[in-house]
Amino acid sequence: MPDIAYEQARHGSSIGQPLTRRDGILKVTGAATYAADNRPEGLLHAVVAVSRIARGRVTHLDVAAAKGHPGVVAVMTGANAPKLAQDPDAKDNPFMFRLDLLQSDQVRYAHQPIAVVIAETLEAATEGAELLAPRYAVEPARIGLDVEAPQEPDAVGAGDKARASRGDVEAGLAEAERRIETVYETAAQYHNALEPHAIVAQWDGDRLIVDTPSQGLGMAQMRLAALFGLDPKNILVRSPFLGGGFGSKGLLSGPQVLGVMAAKLVGRPVKLVLRREQMFGPVGHRAETRQTLRLGTDASGALTALDHHTLTATSSFDDFYEPASALSRYLYAAPAVSTGHSGVRVDTGTPLFMRAPGEASGSVALEGAIDEMAEACGLDPLDFRLKNYAEAEPISGRPFSSKALRECYAQGAARFGWDKRAKAPRSMRDSAGRLVGYGVGTALFPALMMQAEARAEIRADGTGTVALGAHDMGQGAWTALAQIAADGLGIDLAQLDFQSGRSDLPNAGIAGGSAHTATAGSAIHSATSAVLAQLAELATGDERSPLYGAGNAGVFARGGRLLRRDDEGRGESFADILARAGRASVSAEGKAAPDSASREAYAMHSHGAVFAEVSVDPDLGQIRVTRLVGAFAAGRIVNPRLVTSQYYGGMIWGVSFALHENAVLDPRSGRVMNANLGEYHVPVNADVPAIEAILVEEYDPHVNPLGIKGVGEIGITGTAGAIANAVYHATGIRVRKTPITLDLLLG
Amino acid sequence: MNRFDYVRAGSVAEAVAAAAEPGAAYLAAGTNLLDLMKGGITRPTRLVDVTHLPGLDRIESLPGGGHRVGALVRNSDLAYDAGFARAYPAVAEALLSGASAQLRNAATLAGNLMQRTRCPYFYDPASACNKRDPGAGCDARGGETRLHAVLGWSEHCIATHPSDLCVPLVALDAVVEIAGKAGSREVALDAFHRLPGDAPERETVLEPGEMIVSLRLPEDAAAFAGHSRYLKIRDRTSYAFAVVSASAALRLEGGRIGAARLALGGVALKPWRARAAEVVLAGAEPGEASFRAAADAALAEARPSGDNAFKIELARRLIVRTLTLAAAGTPERMPALPASAFADGSALHA
Chain S
1 MPDIAYEQAR HGSSIGQPLT RRDGILKVTG AATYAADNRP EGLLHAVVAV SRIARGRVTH
61 LDVAAAKGHP GVVAVMTGAN APKLAQDPDA KDNPFMFRLD LLQSDQVRYA HQPIAVVIAE
121 TLEAATEGAE LLAPRYAVEP ARIGLDVEAP QEPDAVGAGD KARASRGDVE AGLAEAERRI
181 ETVYETAAQY HNALEPHAIV AQWDGDRLIV DTPSQGLGMA QMRLAALFGL DPKNILVRSP
241 FLGGGFGSKG LLSGPQVLGV MAAKLVGRPV KLVLRREQMF GPVGHRAETR QTLRLGTDAS
301 GALTALDHHT LTATSSFDDF YEPASALSRY LYAAPAVSTG HSGVRVDTGT PLFMRAPGEA
361 SGSVALEGAI DEMAEACGLD PLDFRLKNYA EAEPISGRPF SSKALRECYA QGAARFGWDK
421 RAKAPRSMRD SAGRLVGYGV GTALFPALMM QAEARAEIRA DGTGTVALGA HDMGQGAWTA
481 LAQIAADGLG IDLAQLDFQS GRSDLPNAGI AGGSAHTATA GSAIHSATSA VLAQLAELAT
541 GDERSPLYGA GNAGVFARGG RLLRRDDEGR GESFADILAR AGRASVSAEG KAAPDSASRE
601 AYAMHSHGAV FAEVSVDPDL GQIRVTRLVG AFAAGRIVNP RLVTSQYYGG MIWGVSFALH
661 ENAVLDPRSG RVMNANLGEY HVPVNADVPA IEAILVEEYD PHVNPLGIKG VGEIGITGTA
721 GAIANAVYHA TGIRVRKTPI TLDLLLG
Chain P
1 MNRFDYVRAG SVAEAVAAAA EPGAAYLAAG TNLLDLMKGG ITRPTRLVDV THLPGLDRIE
61 SLPGGGHRVG ALVRNSDLAY DAGFARAYPA VAEALLSGAS AQLRNAATLA GNLMQRTRCP
121 YFYDPASACN KRDPGAGCDA RGGETRLHAV LGWSEHCIAT HPSDLCVPLV ALDAVVEIAG
181 KAGSREVALD AFHRLPGDAP ERETVLEPGE MIVSLRLPED AAAFAGHSRY LKIRDRTSYA
241 FAVVSASAAL RLEGGRIGAA RLALGGVALK PWRARAAEVV LAGAEPGEAS FRAAADAALA
301 EARPSGDNAF KIELARRLIV RTLTLAAAGT PERMPALPAS AFADGSALHA
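Residue numbers (UniProt numbering), protein chains in the order written: chain S, 1 to 747; chain P, 1 to 350.
It should be emphasised that the hints constitute simulated quantities derived from the structure, not laboratory data. Be aware that a few hints might be false.
To be verified - Derived lysine-lysine pairs resembling DSS-like cross-links, with alpha carbons at most 30 angstroms apart:
#1 LYS737(S) <-> LYS233(S)
#2 LYS161(S) <-> LYS387(S)
#3 LYS67(S) <-> LYS181(P)
#4 LYS264(S) <-> LYS181(P)
#5 LYS264(S) <-> LYS91(S)
#6 LYS91(S) <-> LYS67(S)
Stated by the list, open to error - Which chain P residues stay away from chain S? Per the calculated CB distances, all over 10 angstroms, these:
#7 GLY30
#8 GLY142
#9 ASP190
#10 ARG194
#11 ALA284
Where a beta carbon is used, it is the ideal one built from N, C-alpha and C, also for glycine.
Please construct the entire structure, taking both the sequences and the accompanying hints into account.
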């Protein structure tokens, strides 16, 4: 299989090309239709009323006042909400989260939906929600990592092991020549894609159409089917474009389901869009962590032991534990490695997947600890990382399917000018006297594969179609997957009808885990290969064809023709093959799934190295990232322009992680006190330095038929740690928490 | 949002009459007021739209020196007025360090003076706030206080005034020209904003119905043009309120400081004129020693209102830096990153 894929790609015209986004003009002209842009006939507007307490009960809602407001059509509360076929508190698997759908008067976190007002206008619904004037029986909020004795969870992340180890860490530490113990803290971050969660829901009897941003059309369809007792076939979910997802739109959130319930209640189409402040609660966040690392080395600087423990928080009513220690299972070589997690329950919404869940938070702590250990050994931070380079996955012992991390270090360091780094901290200055620091961080994100299906067709006019319910959340799926599809069929992109973004197309799985291009692309590859096999069958079995006798494996497709491998001068167009066979078209379906044999045999990860330069005002503590160079190896690169953009986006989130993002909860009330984009800081353009992403070549014959690894999340990892390490190098002050703010550097 | 009357005034007299009743508020660009109304933080019963009043959008050079700036002059128009920016470069720098380009294009001069604090407890209707609801208490006390006041605060309120613009203006002795039912009056900007005391709900000295019509820079303000800076410490490079800011203006005479003006932002519920520091600087030789002494004098009364002691030391250092840069001379061109510590390549120390 891999051979054919590589063959096709080599002869193909699309894969590997830095094409601009096919949907770019639609987006910059405003013609791209996002969920909230839909306005079906008879549309009503729904506004969610949210709780202002974090824990307790709603004792009264002034429903009469809200209903009495002109334009208000209905007020949906627990008393009159449509009955659901599935308990919103049911949990059958780690990918299923409990939703707040007005099932009780209990309040479990601030900004929990407690009612929905539906009105003829957005303004009337907004005012109606205000008039509800809820009263509460308040119980004290439980907030923070010290709120109770931590417990070890059954699983972390999406069903990952809470604990994994190899060797005897205590013995490794005991025998170590040098050892450190260090604690890092990361702040909570809340999902804030530019497009808030939005839904337009329309019922037609027992049929349901929803327009809503989704990173998982099939899962959304199935959850709606379960909640409303519908045949999935009667549900159409449309999501052609997302204004960012980052994990928050992988699974349906409660407010999205409330929009469907509201439409059912009033028997008219309903639009529900969260306000910005309502994003801080019901749609997921990256929980805070406190990570304790213990490292030991021998006299040469080789690690003898690495222990990484994460304390984090989940909600009072559901389980999602930030798997921040997991990174230490994959990255640095040590004879003894131990990773574990513990958690407390707090009165916040349930944490959720957020771009590089686990790896992002874990990387800041691990890269900081590695830097501290390097210094304790008197070694250059990059040399120390090379010294402890893992030739096999540390805990599992499996070889890597591919790992061009050495090349990443080398190319990144050369481009950055790492050799100009002064060894001692606080010893480099710019011409104005500002402190300058260099830092490095290793980037890693697992190369996952999920399941997907796709359909492909070639028609007698030589054009083709590839269809699957894939997801473009800004990463460029409309373009990258179409490139794979065009090469898969051996036609030009202009001849391809690429259909995507709807649940009535073959299920393309979810756009998550940086695995969408790999997974959906593999399904496309499977479907297009099957179509070409049919064409080849028609041609090579027909003595009138110039390809007669070449055999299925003896031909390949390019430019709308099948050609002989051993003689590219002999070939025949798709149109001619189909015409002679009297066929209007050939079509096939294809599937992708992880290859369990190769996944058992090999560890699969994307790798990278990020180098950061910061400038710090020695008196005022102001920090500015002045340069970032990332070098990443992620298997085959389908579209270098889009991939570079993904790396940039990840690295900018790394800047945000290191220096800005911080949801500030008042520990007394449990409310987020900066629930707006004025005060919940992400970097502005002026905070984004000169960024460079180097695409390091890597060939992976094991990961999937196309050799594609993920690029969506890895950019955050490594970057935040590199910046933190650069701040230390600049100032000599080791700040063991993020975000690093100027007050921590005043000395 | 409550129901409210909307009145579009045709003249200042009409506006003042329309706004005399309790619960009325003037509406200019609305960049702060409308957000407050949407959040249920303020509930005016009447909005008096002054945006169409004639003559209040002018920047005038006064015959005897000084400038008059109309209440409706947009922040960006003022910052990019070449004559004004040349005379008061620190004011232009402060303007360009505030908010975002979009907001500066809309926000007015008077609106900037009248903007409310950014204390998160003021913006959270579920929190107790004496400013919103006199006598309710102050949930900021004991809460998230990293950015709260270190000067002039009281048990009743520890919020800060968020303006950048007001900081150099108060340093330059700007005067607020006010129209009211009883006629016109003027108030020094330094006396315009009130410290919280036991009535934090009263933020300015404006009487009900009174309206800012213009602001005057006095004759001698432009004499500081050659040595004026505004510096703003913030948590990101743009679109962030000041953690602490400072404006320094010097007149250098024969190697000595003839006159000094110094004001701080982000430290109190009003733009904070540091007069004690000015006394220290007057007649002194410019340099680290006198600048440090001035900084100490400016912060002598400072005390943390919570988890913000760092702001006192930061303000000290910022004063030294701002004086150093002012003494070195106003840059010929507006820095690419206005008011930033990374604004230019000049040396950090004298």
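Results of checking the hints against the structure:
In summary, the hint linking LYS737(S) to LYS233(S) is not supported, as the alpha carbons are separated by about 49 angstroms, beyond the 30 angstroms threshold. Between the alpha carbons of LYS161(S) and LYS387(S) the distance comes to roughly 28 angstroms, so the proposed pair stays at or under 30 angstroms and holds. Only pairs whose Cα atoms come within 30 angstroms are accepted, and LYS67(S) paired with LYS181(P) is rejected, the gap being roughly 42 angstroms. Between LYS264(S) and LYS181(P) the alpha-carbon distance is near 56 angstroms, which puts this suggested pair outside the 30 angstroms criterion.
Only pairs whose Cα atoms come within 30 angstroms are accepted, and LYS264(S) paired with LYS91(S) is accepted, the gap being roughly 24 angstroms. Of the pairs offered as hints, the one joining LYS91(S) and LYS67(S) is violated, with about 34 angstroms between alpha carbons and a cut-off of 30 angstroms exceeded. Every Cβ of chain S is farther than 10 angstroms from the Cβ of GLY30(P); the closest lies at roughly 16 angstroms, confirming the non-interface assignment. With a least beta-carbon separation of about 8 angstroms from chain S, GLY142(P) fails to lie farther than 10 angstroms from that chain, contradicting its non-interface assignment.
Every C-beta of chain S lies more than 10 angstroms from that of ASP190(P), the closest at about 26 angstroms, which supports listing it as non-interface. Listed as a non-interface residue, ARG194(P) keeps its Cβ farther than 10 angstroms from every Cβ of chain S; the least gap is roughly 25 angstroms. At the 10 angstroms boundary, the C-beta of ALA284(P) stays outside the reach of chain S, the nearest C-beta of that chain being 20 angstroms off.
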